[in-house]
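Following the hints, position chain B against chain A.
2 protein chains.
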Amino acid sequence: MSFPKPERILLPNGLLVYLFEDHELPLLDAAIDFKAGSIFDPPDKAGLADLTAIMMRAGGTGESTPDETDQALEFMAAQVTIFAGDDMLGGSVSAVKDKFPEALRIFASMLRAPRFDPSRLEVERARVQEEIRRRWDDPGEIADLNFPRLVYGAASPWARLSSAESVGRIRRDDLAEFHRRYIHPNNAVMGIAGDFDGKAMKKLLEETFRGWTQAKVTPPPIPKVKDDFQAGVYVVARPFSQSHVEIGHLGAGRFDPDKFAIKILNFILGEGGFTSRLVKEVRSTRGLAYSVRGGVGLGTDRGLFEISCSTKTASTVEAIDLIRRILRQMREEGPTEQEVKEAKEASINSFVFSVDGTVNFMGSFLYYDFYNYPPDFLRTYRDNLARVTREQVLQAARKRLDPDRMVILVVGNATSFDRPLQSLGLGEPRPLTLDQEPAALPAAR
Amino acid sequence: MSFPKPERILLPNGLLVYLFEDHELPLLDAAIDFKAGSIFDPPDKAGLADLTAIMMRAGGTGESTPDETDQALEFMAAQVTIFAGDDMLGGSVSAVKDKFPEALRIFASMLRAPRFDPSRLEVERARVQEEIRRRWDDPGEIADLNFPRLVYGAASPWARLSSAESVGRIRRDDLAEFHRRYIHPNNAVMGIAGDFDGKAMKKLLEETFRGWTQAKVTPPPIPKVKDDFQAGVYVVARPFSQSHVEIGHLGAGRFDPDKFAIKILNFILGEGGFTSRLVKEVRSTRGLAYSVRGGVGLGTDRGLFEISCSTKTASTVEAIDLIRRILRQMREEGPTEQEVKEAKEASINSFVFSVDGTVNFMGSFLYYDFYNYPPDFLRTYRDNLARVTREQVLQAARKRLDPDRMVILVVGNATSFDRPLQSLGLGEPRPLTLDQEPAALPAAR
Chain A
1 MSFPKPERIL LPNGLLVYLF EDHELPLLDA AIDFKAGSIF DPPDKAGLAD
51 LTAIMMRAGG TGESTPDETD QALEFMAAQV TIFAGDDMLG GSVSAVKDKF
101 PEALRIFASM LRAPRFDPSR LEVERARVQE EIRRRWDDPG EIADLNFPRL
151 VYGAASPWAR LSSAESVGRI RRDDLAEFHR RYIHPNNAVM GIAGDFDGKA
201 MKKLLEETFR GWTQAKVTPP PIPKVKDDFQ AGVYVVARPF SQSHVEIGHL
251 GAGRFDPDKF AIKILNFILG EGGFTSRLVK EVRSTRGLAY SVRGGVGLGT
301 DRGLFEISCS TKTASTVEAI DLIRRILRQM REEGPTEQEV KEAKEASINS
351 FVFSVDGTVN FMGSFLYYDF YNYPPDFLRT YRDNLARVTR EQVLQAARKR
401 LDPDRMVILV VGNATSFDRP LQSLGLGEPR PLTLDQEPAA LPAAR
Chain B
446 MSFPKPERIL LPNGLLVYLF EDHELPLLDA AIDFKAGSIF DPPDKAGLAD
496 LTAIMMRAGG TGESTPDETD QALEFMAAQV TIFAGDDMLG GSVSAVKDKF
546 PEALRIFASM LRAPRFDPSR LEVERARVQE EIRRRWDDPG EIADLNFPRL
596 VYGAASPWAR LSSAESVGRI RRDDLAEFHR RYIHPNNAVM GIAGDFDGKA
646 MKKLLEETFR GWTQAKVTPP PIPKVKDDFQ AGVYVVARPF SQSHVEIGHL
696 GAGRFDPDKF AIKILNFILG EGGFTSRLVK EVRSTRGLAY SVRGGVGLGT
746 DRGLFEISCS TKTASTVEAI DLIRRILRQM REEGPTEQEV KEAKEASINS
796 FVFSVDGTVN FMGSFLYYDF YNYPPDFLRT YRDNLARVTR EQVLQAARKR
846 LDPDRMVILV VGNATSFDRP LQSLGLGEPR PLTLDQEPAA LPAAR
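From first to last, the protein sequence lines are chains A and B.
Take the first sequence: its position 30, counted from the start at 1, is 30 in our numbering, and no numbers get skipped.
Take the second sequence: its position 102, counted from the start at 1, is 547 in our numbering, and no numbers get skipped.
Next comes chain A alone, as it looks inside the complex (with noise of 0.2 Å):
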């Protein structure tokens, strides 16, 4: 196949824009991703860069209330988003060909002028609030927001849990600081796809972006992941009518020598779906799991490694069992070179789907430009992985599985579980407190 090749200009003021032209249909996307997001928190502020992302959005901008925005934006059926992970804040709009300079324009007033409108601040605050106190009525909520917690640590920027009272602090003028300090053009990388001439479009991006000026971002030091964690059993009791299950510890980074290893690893353990040994073994022959699914994840600083599964709560411990087993199998022995052979096969065959169409190439394509992958990265994907070998694989298996030391956070009916957790021969079961429990809250507004 080929790939498109995005034209890369860079704008006075620092905005590098890679334009993917495609005449295939009337519509027009862009998309741009600031360094920013929830690891510079404040950690009494925590939900921060949440918040401010979704104000940017919702909270109007200079020109107009929110209210008008939404309306503007509606009418014209462009589609915008903004959204704040943790290393990242991205945004998105989308409109047919006619619409799109007008859409641009109002994107570009959030991005640079959000109004942060301070009614619409008490509507959405109400309702972020609204969703931390759900998130303990789920056991597969429950397991993912804490699992991070105990191998990262709770203090980590990588796994603090915004709450009730730190989303409470925040004042628009928390919002205002944050945006100062990271919304820059220069702090950006942005891509437009779709119908539209290069030279025209190259004369809206300076006009849509003229006056909005370069600044020096200095974002917070973010210390090191620390592999200190306390590995054993955690337990959340409740009387849920299933289990949650998450079993791991530290992962490795994205730019690991074994990445290429690492990822036919994770396909073969616990990602590639029907045919994975955790599937296989766990769900499809046992029928123990009602899901079972997970590897060695790579992230900026360290990955988790993190395996989830949901299971009925009378065989909660025979699944832990289960995967221990399969997992310290796959570090004594590795895999088969046959399960190697399949697991390249189709994971070559897969990439297609994660470049299909000018949009999603754009997506991959500036996802890797934003962490600073090499340029040549999606081209030379599919040979990367067709040069993995058994050995590399074993390897990268005894190097980042260990099956003595983990974390293994269970969330269900423990009284009902199939054989006490003890039997797991870990120790005592520590029970876990969850953080703002309803019940210890304040009657919502």
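Think of the hints as simulated: they come from the structure by calculation, not from any bench.
As the structure is a computational prediction, the values presented were derived from the model and not from experiment.
In this text, a Cβ means the ideal position worked out from N, Cα and C, and glycines have one as well.
Take these hints with a grain of salt, some might be off.
Unchecked claim - Calculated lysine to aspartate or glutamate pairs in the EDC-like style (CA-CA distance at most 20 Å, straight line):
id: 1; chain 1: A; residue 1: Lys341; chain 2: B; residue 2: Asp512
id: 2; chain 1: B; residue 1: Lys786; chain 2: A; residue 2: Glu102
id: 3; chain 1: A; residue 1: Lys280; chain 2: B; residue 2: Glu569
id: 4; chain 1: B; residue 1: Lys725; chain 2: A; residue 2: Glu124
id: 5; chain 1: B; residue 1: Lys544; chain 2: A; residue 2: Asp356
id: 6; chain 1: A; residue 1: Lys97; chain 2: B; residue 2: Asp828
To be verified - Some chain B residues flagged as far from chain A (calculated, every beta-carbon gap over 10 Å):
id: 7; residue: Ala604
id: 8; residue: Glu652
id: 9; residue: Gly744
id: 10; residue: Gln774
id: 11; residue: Pro819
Stated by the list, open to error - The following label-pair restraints were derived from C-beta to C-beta distances:
id: 12; chain 1: B; residue 1: Thr860; chain 2: A; residue 2: Phe83; range: 31 to 41 Å
id: 13; chain 1: B; residue 1: Pro471; chain 2: A; residue 2: Leu10; range: 27 to 37 Å
id: 14; chain 1: B; residue 1: Glu567; chain 2: A; residue 2: Asp98; range: 48 to 58 Å
id: 15; chain 1: A; residue 1: Tyr373; chain 2: B; residue 2: Glu586; range: 40 to 50 Å
id: 16; chain 1: B; residue 1: Glu873; chain 2: A; residue 2: Ala113; range: 53 to 63 Å
id: 17; chain 1: A; residue 1: Thr433; chain 2: B; residue 2: Asp618; range: 48 to 58 Å
id: 18; chain 1: B; residue 1: Arg864; chain 2: A; residue 2: Arg172; range: 26 to 36 Å
id: 19; chain 1: B; residue 1: Glu567; chain 2: A; residue 2: Leu426; range: 23 to 33 Å
id: 20; chain 1: B; residue 1: Glu567; chain 2: A; residue 2: Glu131; range: 36 to 46 Å
id: 21; chain 1: A; residue 1: Phe83; chain 2: B; residue 2: Pro876; range: 33 to 43 Å
Same frame as chain A, now just chain B:
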């Protein structure tokens, strides 16, 4: 914009296939829809269509065990789905160009000669039963599943719920019989989109489907929907941390002469996102609701008019009251000229997203062909919207909204509502008993 023009072919066995040639990417997608679904389930075996579709996908084929089938597809990175709705049983297969013939062959075997492997059946049955046991864990799902029962009647084929017992009663022979009754080439419409040559594709289709023969299909009679529901307030009192409310009554049919006016009405009322009256009033301005949306549904017989709202416990009754006021006002005064103008513009502008890309267009095309819409339905869609007048929307509102005779289903922590439900002036709320409470079930296997 120009619409893809599919080539229409009719195989000797009665299978109608539309070919959408598109060489942009080295990918192919096929989709097929059969006239079958849960409305044909025997009442004591509710869940049969669903389990049949699951087992056609997961239960192996004449030539291969379930594991062999899954592995073969996964190594090709081919994606296959089969699902049952109420009156449509559909499937799809997606693969890179050079794997497509083999992926299509496996997909065809699933359709023609599913193995319904007995031990896989027990695994899938247990999983379905576990999902059934969990469905009363969530207030939104309780409301979603019970509202249609209140409007259509619990015994209606359009509202019937499966239970752990009804699924437990299904034998392998029942799957085979359901398959034998409905899964025939002359009872389906198929589409193929992507990178192929028309002549070669016809040859491939003839080879792949050779020997799959026509058969007479005699579905059971489905009784007409009756408009005899009991209006009033129904309540499921549970200590959830937020409330969920469904409000409405019967909707319209898919070929209703007012259908374009109804679409504009829905946009203005509660499907238009940020600018709908419900969102503006209930959510944005008063901050009462976490989410609120809905409109008059167009169904094969009669759809549902259904407004869904999730709110804080302490504003539940206020939100219900406000929704009723908004409905009454719409029925009495109708929309403004400006609202109609803007709703038409927005609907016309957003249409392109629903047919964006060849695979997406094929999906819409097959849907309308399956339900026997006029062949030019997609092509004339925007013109038909453009012709709608304010007066037509007002008449549609008067004909289709009846705020004085509605089912109001409330799920939530009734003791903490802002006011008693009696204060709505609609009589005593009727407590609703949920089928299949987990406590009443035998323990999971």
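Q: List in ascending order the numbers of the hints, as given earlier, that are violated by the structure.
A: Those not satisfied: there are none.
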